[in-house]
Amino acid sequence: DAKTTQPTSMDCAEGRAANLPCNHSTISGNEYVYWYRQIHSQGPQYIIHGLKNNETNEMASLIITEDRKSSTLILPHATLRDTAVYYCIAYSSYKLIFGSGTRLLVRP
Amino acid sequence: DTEVTQTPKHLVMGMTNKKSLKCEQHMGHRAMYWYKQKAKKPPELMFVYSYEKLSINESVPSRFSPECPNSSLLNLHLHALQPEDSALYLCASSPSRGTGGSGANVLTFGAGSRLTVL
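Read top to bottom, the protein sequences are chains A and B. Remember, my numbering sits 7 above the position in the first sequence when you count from 1. Remember, my numbering sits 1 above the position in the second sequence when you count from 1.
Chain A on its own, in the form it takes in the complex (with noise of 0.2 Å):
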């Protein structure tokens, strides 16, 4: 599976957007970019995936390029809750690897 490359930590101000990006210039593809988060103390959460096109649903949006050698997670009203570390993961088999992951903290 390819490997992820995301920046450590980012911080955006609640009520904005945040913008976080990946970069998974190895995929694959038959592999699928999934973005996880993990709020402080608990397990991983789902967040979307996606292959080639744009992705929407009610936390997200998943934003690939042509090329797919990248992507974008968008959380369009960011709020302190979101505050957490997420995961973008680029596989297509079962077996998920978690790699470091961007630590956001949204500030009031």
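Note that these hints are calculated values from the structure, not bench results. Ideal Cβ positions, reconstructed from N, Cα and C, are used throughout, including at glycine. Just so you know, not all the hints are guaranteed correct.
With a straight-line Cα cutoff of 20 Å, these simulated SDA-like cross-link-like pairs (lysine to any residue) come out [unchecked claim]: (1) B:K23 / B:E45; (2) A:K102 / B:E53; (3) B:K10 / B:L74; (4) B:K39 / A:S48; (5) A:K102 / B:L46; (6) B:K20 / B:T8; (7) B:K42 / A:V92; (8) A:K10 / B:K42; (9) B:K39 / B:L79; (10) B:K42 / A:Q49; (11) B:K41 / A:K59; (12) B:K19 / B:S72; (13) B:K19 / B:E53; (14) A:K102 / B:S51; (15) B:K39 / A:S16; (16) A:K59 / A:I81; (17) B:K42 / A:T90.
For the chain B half of the interface with chain A, some residues (derived, Cβ under 8 Å), not all of them [to be verified]: (18) V49; (19) I57; (20) V61; (21) L91; (22) F110.
Model the placement of chain B on the given structure of chain A, informed by the hints.
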């Protein structure tokens, strides 16, 4: 029921004790997972069960012994652990072992069992 339930939430054990962590799901999922997470680190995959059979063991020491008695239950038996085994142990489940996309590989995680080995 869309939850994965893990018990106990907290466990303290000595190095000579035998204890077990339990995980239960009633979503009809056929794949179940154990992960280990040390402080400030990402979760690390330990075991994967698919249709009640062990399909992946990530070279985990034998003092950790998984068991899947039926499709809803997953246990992790602990024996002769070391203090460095202290961690958050996470259980997860997914509809099946998939090949990406189609929802088949969305894992639902439990809240974890925090283990302290003295």
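Hints and how they fare:
Between B:K23 and B:E45 the alpha-carbon distance is near 18 Å, which keeps this suggested pair within the 20 Å criterion. With a C-alpha separation of about 16 Å, the suggested pairing of A:K102 with B:E53 holds against the 20 Å cut-off. This hinted pair checks out: B:K10 and B:L74 have alpha carbons roughly 16 Å apart, not beyond 20 Å. Between B:K39 and A:S48, the direct Cα distance comes to roughly 11 Å. Compliance with the 20 Å bound is thereby established for this hinted pair.
At roughly 8 Å between alpha-carbon atoms, A:K102 and B:L46 fall within 20 Å of each other, so this suggested pair holds. Pair hint B:K20 plus B:T8 holds up; C-alpha atoms about 12 Å apart against a cutoff of 20 Å. Taken as a hint, the B:K42 and A:V92 pair is honoured in the structure, with Cα atoms around 10 Å apart against an allowance of 20 Å. Annotation: proposed proximity of A:K10 to B:K42 holds, straight-line Cα distance about 17 Å (limit 20 Å).
A distance of roughly 17 Å separates the Cα atoms of B:K39 and B:L79; the hinted pair therefore holds under the 20 Å criterion. A distance of roughly 13 Å separates the Cα atoms of B:K42 and A:Q49; the hinted pair therefore holds under the 20 Å criterion. As the CA atoms of B:K41 and A:K59 are separated by approximately 32 Å, the hinted pair breaks the 20 Å bound. For the suggested pair B:K19 and B:S72, the alpha carbons sit about 24 Å apart, so the restraint of at most 20 Å is broken.
Between the alpha carbons of B:K19 and B:E53 the distance comes to roughly 23 Å, so the proposed pair goes past 20 Å and is violated. Straight-line distance between C-alpha atoms of A:K102 and B:S51 comes to about 11 Å, which keeps the hinted pair within the 20 Å bound. With a C-alpha separation of about 19 Å, the suggested pair B:K39 and A:S16 falls inside the 20 Å cut-off, and the hint holds. For the given pair, A:K59 sits about 16 Å from A:I81 by alpha-carbon distance, which is consistent with the 20 Å threshold.
Between B:K42 and A:T90 the alpha-carbon distance is near 17 Å, which keeps this suggested pair within the 20 Å criterion. At its closest, the beta carbon of B:V49 sits 6 Å from a beta carbon of chain A; the interface hint therefore holds under the 8 Å criterion. At about 6 Å, the closest approach between the beta carbon of B:I57 and any beta carbon in chain A falls short of 8 Å, and the interface hint on this residue holds. Violation of the interface hint for B:V61 is found here, the shortest Cβ-Cβ separation to chain A being roughly 14 Å, above the 8 Å cut-off.
Taking 8 Å as the C-beta contact cut-off toward chain A, the hint placing B:L91 at the interface holds, the least distance being around 5 Å. Annotation: interface hint on B:F110 holds; nearest CB of chain A at approximately 3 Å, less than 8 Å.
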